[in-house]
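Whole structure, please, built from the sequences with the hints as guidance.
All residue numbers for the first sequence refer to the working numbering, where the first residue is 10 and numbers rise by one.
Heads up, a few of these hints could be off.
Computed Cβ-Cβ distance ranges for the label pairs, DEER-style [to be verified]:
hint, residue 1, residue 2, range
1, ASN617, ASP661, 52 to 60 angstroms
2, GLU660, GLN382, 53 to 61 angstroms
3, VAL170, LYS737, 52 to 60 angstroms
4, ASP661, ARG413, 30 to 38 angstroms
5, ASN744, GLU110, 18 to 26 angstroms
6, LYS807, GLY29, 35 to 43 angstroms
7, ARG413, ASN617, 40 to 48 angstroms
8, SER569, TYR874, 39 to 47 angstroms
9, PRO515, GLU226, 18 to 26 angstroms
In silico SDA-like links for lysine to any residue, alpha-carbon gap of 20 angstroms or less [unchecked claim]:
hint, residue 1, residue 2
10, LYS776, TYR752
11, LYS464, PHE448
12, LYS739, GLY55
13, LYS946, VAL958
14, LYS32, HIS883
15, LYS41, THR616
16, LYS201, ASP501
17, LYS468, THR312
18, LYS527, SER497
19, LYS807, PRO888
20, LYS19, HIS883
21, LYS32, GLU132
22, LYS282, ARG480
23, LYS567, ASP36
24, LYS217, GLN255
25, LYS195, VAL170
26, LYS699, ILE666
27, LYS739, PRO93
28, LYS39, GLY78
29, LYS875, GLU855
30, LYS927, GLY952
31, LYS472, GLU308
32, LYS622, GLU278
33, LYS879, GLN24
34, LYS237, VAL595
35, LYS41, ASN77
36, LYS455, ARG473
37, LYS847, GLU796
38, LYS478, ALA183
39, LYS464, PHE297
40, LYS428, MET452
Quick caveat, the hints were computed from the structure, so don't treat them as lab data.
In this text, a Cβ means the ideal position worked out from N, Cα and C, and glycines have one as well.
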Amino acid sequence: MEYTPRAFEKKWNRQWDESGLYKVSNDSDKPKYYVLDMFPYPSGAGLHVGHPLGYIASDIFARYKRLNGFNVLHPMGYDAFGLPAEQYAIQTGVHPAKSTEVNITRYRQQMDNIGFSFDWSREVRTCEPEYFKWTQWIFLQLFEHYYDNGLQAAAPITDLVARFSKTGTEGLEAACSETMNFSADKWNGFTKAEKEEVLMNYRIAYRKETFVNWCEELGTVLANDEVKDGVSERGGYPVERRPMLQWSLRITAYAQRLLDDMQPLEWSEAMKKMQSNWIGRSEGAQMFFDLLGFEEQIEIYTTRPDTIFGATFIVLAPEHDLVEKITTIDHKNAIEDYIEYVRTRSERERVSETKEVSGAFTGAYAINPFNGQRVPIWISEYVLKDYGTGAIMAVPADDERDNRFATKFDLPIIKIIDKSKYAWATMEDKVGVMINSDFLNGMEVKDAIQAVLEKLEEKNIGKRKINFKLRDAIYSRQRYWGEPFPISYDTDGVIHPISDLPVTLPELEDFKPASGGKSPLARAESWVNMDNGNMRETDTMPGFAGSSWYFLRYMDPKNSEAFAGQDAVNYWQDVDLYVGGTEHAVGHLLYSRFWHKFLYDKGLVPTNEPFKKLINQGMIQGVIEFMMLQKAEENGKKKFVCAKIAKERGEDGFARIPVLIDYVKDYGLETSYLNLESIQQFIKWRPEYKDAIFECGNGIFENGKFTSNGDATDSNLLTYSEVGKMSKSKYNVVNPDDVVEKYGADTFRMYEMFLGPVEQSKPWDTKGINGVFNFLRKLWGMFHDEEKFVISNEQPTKEELKVLHNAIKRVTDDIERFSFNTCVSHFMVAVNDLRKLKCNKSQILEQLIVLLAPFAPYITEELWYKMGFKDSVHKQVYPQFNADFLKEDAVEYPLSINGKRRASAKFATDLSKEDLEKMALAHPELQKWIEGKTVRKVIVVPGRMINVVVG
RNA sequence: GCCGAUGUGGCGGAAUUGGUAGACGCGCUGGAUUCAAAAUCCAGUUCACGCAAGUGAGUGAGGGUUCGAUUCCCUCCGUCGGUACCA
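Next comes the structure, spelled out in structure tokens:
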């Protein structure tokens, strides 16, 4: 009987759905296990073959855990707010809610096709009011809290108010935008607006004038991690820095905890490194330089306080607050010109031209607090406003950038560290002996750092300080399709939280941004102007808002009283296994951890960290195939040339035209080509090239006719192949639906796993899929003869049991270490071996089927029922491994001479080391190699190998 | 530049603690079946030399430790990802 998977896969989809097979309860005696996928953004393009890779892996694991007696939470949902839907709306007028809904329907169909065991009754969509009500609620909590550095936890802002009215800022340790000092009396004398302003300095969700990444093209602000190389990650549009009044989240308050708590997590080293680099902790000192002729001081940050005696000038960021004040009249023009120059430079230019230094002198001087020397104050774009204090002491002898700067502007360089003992050391290595440095002379750098720190604190001119690269997260977006802020402003500009949630989006006809960098919401006047005279905040929340806590909502998705009930949260605790791509390494994963910690501080979640174990699936890329179009036309005709010929003639003369990969033979290879038939397909697809000339390897194809330049009656046109993203514009998208339609979902699932380790990226290639399909056909064949289902009830032989238990052991071990590709090969081995033994015994097959069920849920269910069982294979108990069946009487030993295998022989398992040695030496094959030489040593590893050392 | 991965047949990849390198699959070659083809089945397939038995080489390159290294150590090269005037 033939294996025709589509005949029963649809049936089981229906059945599973109707019987609620994958529904999971919050009330169970079983231990819990939470397997989570990063939920997708439902884009218009639908899923391609790369998306399900991680979903398949997590689905196998979830099913495996279920068979092993766990109550498994395995949900799915949609990250449904986002820019593409809004841009689509601007272009077409289709409401984002509508297009999102359509896309979700498509995604759901595609996922259903693959047989995932998601509990769809728990689906969440971030764009739905029942969901974002709680996103808004969490935002309000962030707004109503400050971060207490003493407690190392968030605390209610009301506590802070009480404290201020009693003791002012006295002894306060709290995360803030800028350090404040006032007494209780002063606080009590503040107006309401003034008090609000002070509190804003402490709130975890706060509003402030900030330099932001403004993207004109998108009409919105972007977070740092949404900007890549000075352009927007989505769309690649230019981004500029501009000051704007924005909501931000004080993630920096959690920097140290975000760093420390990562340690015990089962995340890849790479992932942890990416996060800790992004957090960017550094230890150093804050130091104050007096200004010559001004009362203010300049606060600098340095990790190298030991180099203070080599500090020959100060550099401020061009945006630094003091610049305007200290600039002398005769330098005013130069400074203004320079600031203007910096403003015109895009982030990209600033980054790309790193070797070129520029700057301007303010005319002002500061005093080195250690030796009283006068040092000039310059400004330069290489000092960043956002990092440290926006001011540095420049030590040209010991820092490469300072050195370039000093050389260019002819500033003094004082050598302060003798590195002659450390020939390998570069300028920046923290080694050497201090010279020209007063009380530090003769000290090693390490000791000098400590000595200066002590002195700083003793003289009260600075102190130890830990600094982070991590910036607060900008939380306002000037967009329509996002969560509205539950915030309004009264006529005095005082902020009022709106506690009646959710605050929903108004209807709009036009989704274009409003003028003046405002969100489209600003145009919905009746919505903006509230009955009480207040005006609503018109910005919306960023993409990461909804995705920062969605994993908690799955625990209790229908709850209307809380983001999730305490019972549910206490039962499910945290995510045991999280599967997703590396692209979220610093964005989503960092924000989620931050929100989770905040909720933990509030006692709303029982765990400190949300994701215990993280697996990063690789990307499945596409192959992009190009045809080489000659730039110069020939006799007024366009001309395509074989890629090989193009290469010989110099590729500059050719343009690459992507071609639909379906037309290309052997795609992805150096030898990929179009034959005459596929050239005609191409012309049909792209009629603008119907008159083109095609210069193939062995002749010319033109006007439907091939003219050979030799004997060939046919010829190929080689294409140029490249590995890259799957995308519509590259005509290389492979839809999983097509693969499933042709081979069935089980084959698709197993083939994706068989491709290689899940963590690895690789180009999609359908060539090997037949191997997996054949495997399932063979399996099917074991249960059937020519026309009907037939299995035997005989007792299995020792050999058959050995095959089965070998498979159980290997598959189980490999699932545990997420090595799914090798699992597939173990199954293949088992089926091949059992077929050789002509085994169709139910006692063997039943167990094999349960073992395979997580990988191939359909064929196993079909066979299970055919075997006469009444309950789903997916509710069975995982096969128990029994080592007794693997015991052998004899072992095949490799016999080596000097580590090189020369023969092999079967010896009984229970032989002693001495016996093994004797028997090995007596082996005729080995004798040949030993003859005429001395046996120096014999190494015997029982059960493994025997090695004879001769010489 | 820094950080992290990674490099194994024609291809995807396997080898969990140092112990028979190349499992499994694709592809290819030969054979069976067939009027023929597809499909299927059987056999072979790291490379070089050889009819063969066999011999030699071989996990990016070079060195080291070891009876024995794809695995551990050092130096270098390539590819991919992250990050970058971070004081």
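Status of each hint after checking the structure:
1. ASN617 to ASP661: 52 to 60 angstroms: At roughly 58 angstroms between Cβ atoms, ASP661 and ASN617 fall inside 52 to 60 angstroms, so the hint holds.
2. GLU660 to GLN382: 53 to 61 angstroms: Taking Cβ atoms as reference, GLU660 and GLN382 lie about 59 angstroms apart, which means the hint holds.
3. VAL170 to LYS737: 52 to 60 angstroms: holds (55 angstroms)
4. ASP661 to ARG413: 30 to 38 angstroms: With a Cβ separation near 36 angstroms, ASP661 and ARG413 satisfy 30 to 38 angstroms, so the hint holds.
5. ASN744 to GLU110: 18 to 26 angstroms: holds (20 angstroms)
6. LYS807 to GLY29: 35 to 43 angstroms: Given about 42 angstroms between the Cβ atoms, the range holds.
7. ARG413 to ASN617: 40 to 48 angstroms: Because 44 angstroms falls inside the window, the suggested range holds.
8. SER569 to TYR874: 39 to 47 angstroms: Hint holds: Cβ distance 40 angstroms, inside 39 to 47 angstroms.
9. PRO515 to GLU226: 18 to 26 angstroms: holds (25 angstroms)
10. LYS776 to TYR752: holds (13 angstroms)
11. LYS464 to PHE448: Distance ~10 angstroms between LYS464 and PHE448 Cα, so the pair holds.
12. LYS739 to GLY55: Given that 20 angstroms is the threshold and the Cα spacing comes to 15 angstroms, the pair holds.
13. LYS946 to VAL958: Satisfied, since the Cα-Cα distance of roughly 5 angstroms is no more than 20 angstroms.
14. LYS32 to HIS883: Satisfied, since the Cα-Cα distance of roughly 12 angstroms is no more than 20 angstroms.
15. LYS41 to THR616: This hinted pair holds, its Cα atoms lying about 15 angstroms apart.
16. LYS201 to ASP501: holds (10 angstroms)
17. LYS468 to THR312: Measuring from Cα to Cα gives roughly 19 angstroms; hence the hint holds.
18. LYS527 to SER497: Answer holds: LYS527 to SER497 is near 16 angstroms, not above 20 angstroms.
19. LYS807 to PRO888: The given pair, whose Cα atoms are some 17 angstroms apart, holds under the 20 angstroms limit.
20. LYS19 to HIS883: Holds, at about 17 angstroms.
21. LYS32 to GLU132: holds (11 angstroms)
22. LYS282 to ARG480: holds (17 angstroms)
23. LYS567 to ASP36: holds (15 angstroms)
24. LYS217 to GLN255: This hinted pair holds, its Cα atoms lying about 5 angstroms apart.
25. LYS195 to VAL170: holds (13 angstroms)
26. LYS699 to ILE666: The given pair, whose Cα atoms are some 15 angstroms apart, holds under the 20 angstroms limit.
27. LYS739 to PRO93: holds (19 angstroms)
28. LYS39 to GLY78: The hint holds at about 7 angstroms.
29. LYS875 to GLU855: Satisfied, since the Cα-Cα distance of roughly 11 angstroms is no more than 20 angstroms.
30. LYS927 to GLY952: At roughly 15 angstroms apart (the allowed maximum being 20 angstroms), GLY952 and LYS927 satisfy the hint.
31. LYS472 to GLU308: Holds, at roughly 11 angstroms.
32. LYS622 to GLU278: holds (12 angstroms)
33. LYS879 to GLN24: holds (13 angstroms)
34. LYS237 to VAL595: holds (13 angstroms)
35. LYS41 to ASN77: Within the cut-off at roughly 11 angstroms; holds.
36. LYS455 to ARG473: holds (15 angstroms)
37. LYS847 to GLU796: Between LYS847 and GLU796 the Cα gap is close to 17 angstroms, so the pair holds against 20 angstroms.
38. LYS478 to ALA183: Since the Cα atoms of LYS478 and ALA183 sit roughly 19 angstroms apart, the hinted pair holds (cutoff 20 angstroms).
39. LYS464 to PHE297: holds (13 angstroms)
40. LYS428 to MET452: holds (12 angstroms)
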